Every structure is written in structure tokens, then in C-alpha cells.
Amino acid sequence: MDLKMILAGVGGQGVLFATRVFSETALALGYDVLGSETHGMSQRGGSVVSHLKIDGYESPLIRQGTADVLLSFDEDEAYRTLAFVRRGGLCFVSSPHGDFWDNGVKAYLTKNNIAAHSLAADEIALELGSPRSANLALIGYAVSVPEVRFGYDEIKATIERISPSRFKEVNLRAFEGGYGRKQ
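Quick note: to get this note's numbering, add 11 to the position in the sequence shown (first position is 1).
Source of the hints: derived by calculation from the structure; they are not laboratory data.
Just so you know, not all the hints are guaranteed correct.
[To be verified] Derived DMTMM-like pairs (lysine to aspartate or glutamate); straight-line CA-CA distance at most 20 Å:
1. K179 to D133
2. K167 to E180
3. K179 to E158
4. K122 to E138
5. K179 to D113
These numbers come from a predicted model, not from an experiment.
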């Protein structure tokens, strides 16, 4: 599979759970997984960045300009971590503002052929009455893009398996809600 992912957000947005979803799915598919997280006062809303390498890698950290996929659960964190994305990479951001990038960053995205997608994942989660499941809505949205290289069924099975029983149903609905959004 050879996939490098950066998952970014702030404390409480479920970055580590999202990382676990992708890690456990890759392991279930028989791939090797390496990962590392950085937490900057995460319990107080500080930055959380997770580096995830799937198959064929020896060191856990991802160098700038080499990540295939960025999932950011926060607009500010998207700006902070965008430099990790390689030319031709993918970027998914939870944002209620749609096309929120400033003009300079839009030029950078175009120049580097980075496909940037945004989804109002928080709105989906609030509609479900579970604001903490926005991370799963963004995962669903990302998985609907074939270049992410994870299938709907595999990710759904992992969410079913690792979600605490009291959150399983809403987590699955959030994932499906994000997956069903138009690209």
C-alpha cells in the first residue's frame, strides 16, 4: 500500500482515535504500520499531530513534502501541517467555510497539484447529536476518494470493532454521513 498520512487537530477532536481507525484497518489488511504522535497541551485544546506510515517504512516520522494524505480536523491545523503534503497529494479539512484557503495558499495548492477538500464535519456530527464524532465524518468523506486507498467496508468494520459500545452506532452514522457527501 505504501501510504503516508498526517492527521492533525487539537485536543478533543479525536485525532488519536482517527489514527487508530486507519492503523487498525491497515493491520487487519495485513500491512505493517508505523506511527508517532505529538501532543502540545492536547488536553487544553493544543495541537495534536499524528504521523502514520503504512507498509514498507522503517522510521515513524514523515518529512515535510512527503505525505500522501493530510486529514485536518481544524482549519488552523491544516495551515500548520500543509507543508507535509507532497506534490500531487490529498488534503481533507473539517471546515464550515468550504473554500477557506487564503489566496497565497490556493496558489501553493495549485502549483503543487494538491487536491484540497473540505467538509463541514462538525455540522454532520451536530445533526447526529454527537459533536465528538466529526472526526469520523471527515474519515468517511476522505474514504470516498479512491486515492485514499482504504475501502468503505474495511474502515466501517474497524469502526464497529474498536468503538466503545455506547458510541458505536453514532460513530457509524457519522462515518456514513461523511461518506455520503458529494465531492
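Quick rundown of the hints versus the structure:
| no. | hint | result |
| --- | --- | --- |
| 1 | K179 to D133 | 18 Å, holds |
| 2 | K167 to E180 | 11 Å, holds |
| 3 | K179 to E158 | 27 Å, violated |
| 4 | K122 to E138 | 36 Å, violated |
| 5 | K179 to D113 | 37 Å, violated |
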